Amino acid sequence: MSPDASVKTLVIDDRDVGATGDQTILEVAREHGIRIPTLCHLEGLMPAGACRMCLVEVVGSNKLLPACVTKVSEGMEVRTQTPEIKELRRMTLELLFAERNHICSVCVSNGHCQLQALATEHGIDHIRFPYQYPRLQVDTTHPRYGMDPNRCVLCGRCVRVCAEVEGAHVWDMMGRGSGTLITAELRTPWGLAKSCTSCGKCVQVCPTGALFEKGRAVAEMEKRRDFVPAILAGRDEGDDLMP
Amino acid sequence: MTPESLTQVAEKERASSTPHSLQVCTAAGCVSSGADEVLKALKAEAKARGVACQVKGVGCLGMCQAGPLVAAEPSGHLHKFVTPTDAAEMIAHLGEPPTERLALDADQAFFKRQEKIVLENSGSIDAERIEEYVAAGGYKALAEALSDLTPSLVIKRVTASGLRGRGGAGFPTGVKWATVAKAAGPRKFVVCNADEGDPGAFMDRSVLESDPHRVLEGMAIAAFAVGAHEGYLYVRAEYPLAVKRLKLAIKQAERLGVLGRNILETGFDFHVEVRLGAGAFVCGEETALIASIQGGRGNPRPRPPFPAERGLWHSPTLINNVETFANIPTILRKGAEWFASIGTEKSKGTKVFALAGAIRNTGLVEVPMGITLREIVYDIGGGIPGDRTLKAVQTGGPSGGCIPAEFIDQPVDYETLNKLGSIMGSGGMIVIDDSACMVDVARFFMEFCMTESCGKCVPCRAGTVQIHGLLTKIARGEAGLEDLDRLETLSTMVKRSSLCGLGQSAPNPVLSTLRYFRDEYLAHVVDHRCPAGVCKIAAEGEVIR
Chain Z
2 MSPDASVKTL VIDDRDVGAT GDQTILEVAR EHGIRIPTLC HLEGLMPAGA CRMCLVEVVG
62 SNKLLPACVT KVSEGMEVRT QTPEIKELRR MTLELLFAER NHICSVCVSN GHCQLQALAT
122 EHGIDHIRFP YQYPRLQVDT THPRYGMDPN RCVLCGRCVR VCAEVEGAHV WDMMGRGSGT
182 LITAELRTPW GLAKSCTSCG KCVQVCPTGA LFEKGRAVAE MEKRRDFVPA ILAGRDEGDD
242 LMP
Chain X
80 MTPESLTQVA EKERASSTPH SLQVCTAAGC VSSGADEVLK ALKAEAKARG VACQVKGVGC
140 LGMCQAGPLV AAEPSGHLHK FVTPTDAAEM IAHLGEPPTE RLALDADQAF FKRQEKIVLE
200 NSGSIDAERI EEYVAAGGYK ALAEALSDLT PSLVIKRVTA SGLRGRGGAG FPTGVKWATV
260 AKAAGPRKFV VCNADEGDPG AFMDRSVLES DPHRVLEGMA IAAFAVGAHE GYLYVRAEYP
320 LAVKRLKLAI KQAERLGVLG RNILETGFDF HVEVRLGAGA FVCGEETALI ASIQGGRGNP
380 RPRPPFPAER GLWHSPTLIN NVETFANIPT ILRKGAEWFA SIGTEKSKGT KVFALAGAIR
440 NTGLVEVPMG ITLREIVYDI GGGIPGDRTL KAVQTGGPSG GCIPAEFIDQ PVDYETLNKL
500 GSIMGSGGMI VIDDSACMVD VARFFMEFCM TESCGKCVPC RAGTVQIHGL LTKIARGEAG
560 LEDLDRLETL STMVKRSSLC GLGQSAPNPV LSTLRYFRDE YLAHVVDHRC PAGVCKIAAE
620 GEVIR
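Line order of the protein sequences matches chains Z and X.
The first sequence begins at 2 in our numbering and counts up by one.
The second sequence begins at 80 in our numbering and counts up by one.
Keep in mind the hints are simulated off the structure, nothing from the lab.
Mixed in with the good hints, there may be bad ones.
Using 20 Å as the maximum straight-line C-alpha spacing, the simulated EDC-like pairs for lysine to aspartate or glutamate come out as follows [claimed, not checked]:
1) X:Lys-574 with Z:Glu-58
2) X:Lys-574 with Z:Glu-122
3) Z:Lys-64 with X:Glu-494
4) Z:Lys-72 with X:Glu-388
5) Z:Lys-87 with X:Glu-567
6) Z:Lys-64 with X:Asp-458
7) X:Lys-574 with Z:Glu-85
8) Z:Lys-87 with X:Asp-564
9) X:Lys-195 with X:Asp-458
As the structure is a computational prediction, the values presented were derived from the model and not from experiment.
I would like the entire structure built from these sequences, with the hints used as guidance.
See below:
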């Protein structure tokens, strides 16, 4: 389909905003400084609609819609901060914290983690659900990088950056449900994966401490998004680029 | 092959019929109880005695629990629990009523109260011979559509019939077809969703095993209507017999010229391929199904864009369920008005249900929409076995809900079932008696959804785990009232924020049992007691692993 360049006017959180027809609600909101939290989204990668953090209410739709993939339309009325949505986002974050092992104080990404920042933003001081703490194997076979699935939120940004920007297709998802894991090639230890170019893009786009550079101690793993120029080209004032 | 020669095939087939015939059900249920051996024994016996009796395998006769089933024609007698050793007796007494041991009353409500459209040929034709389907009027509707109708006229008829998607959601079929027909694109696809995955549901399997050509004909008509020339049948690999018969049916249809290139010499091409699912429930969701056909991981993606606009290989794609396609040939043959005269105002036609659970007659039934649950459970199903009483009827599988016995006189249609907190679903109907614990029932379905979640979106992947954990805690009598609140909040959250239909409907069994059977939850939580005696309640300080 050809890009829809026609001008649309819509309302986001009681503010009149202008957009073109091929823009998503998220893009337009960010252009106008309206904050919609995201986790699996990263400017420059194909949107996935997976984390559900960016769900918004569109008047007239009985379903909540992910702002990262929903295109704007004329006269649309979007609400990004209803009590229901705020509660759903909180609960989504709590589910993520309970799912694996996200103990910030011993994490390489402490202080530079998008999940942590989102939790702070949403005022999360306790988790209502029992922690699952699965014991997942850490992969440190790569000479320069490591992968700790216990810290993984399965956002798929590593999979997408490797496929869409580096073109190497090293990473993929395996298994299903809560047993889903990120895997290199067909369950190959990362260090033995022949398709890996060791570019490190996956490490730099990972929102948490799941993918990290070796030799970093607690709180030292600050991700460098400028490492990924193709993504940087689409950079905006959004919050993909962590704190 | 021209439409005229199709008539000749039908006439030749009809002329070859013998005075007697014995029809052995060879659908999966009867095959698993030994129908193949029965068929072999009957054939051998008929040959040895030199009687003019055609012995053939046919599709599902319906009452799965009494299999292997054999129907005698033209007398209409039904035989139950047939074994190979019965062959001599049956051949010797052709046309006579079966002995008491073998007799199955063909006049009982189970058979008489049904109204068959989708299953009209099930149990009477050999699914492995296209000639029998043609003799039963098969491919006539396709011939008529191709030579006498335009695509828009076909769509008009389907719309007028009021047919709604039989996969569960009930979207108007005509509207879907019209959308794909209007969508722009050099290439379009027609996909048949045969990834039937609900526990306890086997309608689509039975249709594919019993009458595969009906589905192919429906797909070909749909392809003509929307302007597609390629189609896929996505079947779960757990249905080997259905796959075998489908592949054979495609081969036969291509040889006869009713599928493939230049169908019935009208210049219309439509090629169908079978694709096997690798055992994931989520692949019944249309966007996951598309990803799977393309060779990718069966993960759903957000809609819009809907497949009608951007589906398989980025092209406009029509996806319908097996039963939906199976209705099409009859709608065209008998007319939209005829179809619309069956059922209720908003739910037209019939629905096939797989009747299972605590019920006397388990099996496959086709009933007009609007029939009451009571008629299905007590008349057709024969009621609850033993001295048990009905507690609930579960429809829609893991996406549906439990309808309590007090609503037994409600009609079965899309709107009513929704109003009652369940869904029509694809047709699984599990009858639950008072020996079941509803917390346990909810937990069973949640375990299914938790295991079958694809893992892409957070609410479904992590939320179902927590819901299942809460239900387990409640079942053990270890939960407090705050857990009940949490269960409700979390269920609503998963329903509201999941990406696809699997997650959005996964909490339905929990929410519907909370709505109607809260007293059972409270008994577990407050009194630490399972009223049905199903759940193992933890003793003080005990840890159950």
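The hints, checked one at a time:
1. Distance restraint check for Lys-574 (chain X) and Glu-58 (chain Z): the Cα-Cα separation of roughly 15 Å lies within the 20 Å cut-off, and the hinted pair is therefore satisfied.
2. For the hint pairing Lys-574 (chain X) with Glu-122 (chain Z), the CA-to-CA distance comes to about 24 Å; that exceeds 20 Å, so the pair is violated.
3. Restraint check for Lys-64 (chain Z) and Glu-494 (chain X): satisfied, since their Cα atoms lie roughly 19 Å apart, inside the 20 Å limit.
4. Distance restraint check for Lys-72 (chain Z) and Glu-388 (chain X): the Cα-Cα separation of roughly 15 Å lies within the 20 Å cut-off, and the hinted pair is therefore satisfied.
5. As the CA atoms of Lys-87 (chain Z) and Glu-567 (chain X) are separated by approximately 17 Å, the hinted pair is consistent with the 20 Å bound.
6. Distance restraint check for Lys-64 (chain Z) and Asp-458 (chain X): the Cα-Cα separation of roughly 40 Å exceeds the 20 Å cut-off, and the hinted pair is therefore not satisfied.
7. Taken as a hint, the Lys-574 (chain X) and Glu-85 (chain Z) pair is honoured in the structure, with Cα atoms around 13 Å apart against an allowance of 20 Å.
8. As the CA atoms of Lys-87 (chain Z) and Asp-564 (chain X) are separated by approximately 18 Å, the hinted pair is consistent with the 20 Å bound.
9. Of the pairs offered as hints, the one joining Lys-195 (chain X) and Asp-458 (chain X) holds, with about 17 Å between alpha carbons and a cut-off of 20 Å not exceeded.
Of the hints listed earlier, those the structure fails to meet are numbers 2, 6, in rising order.
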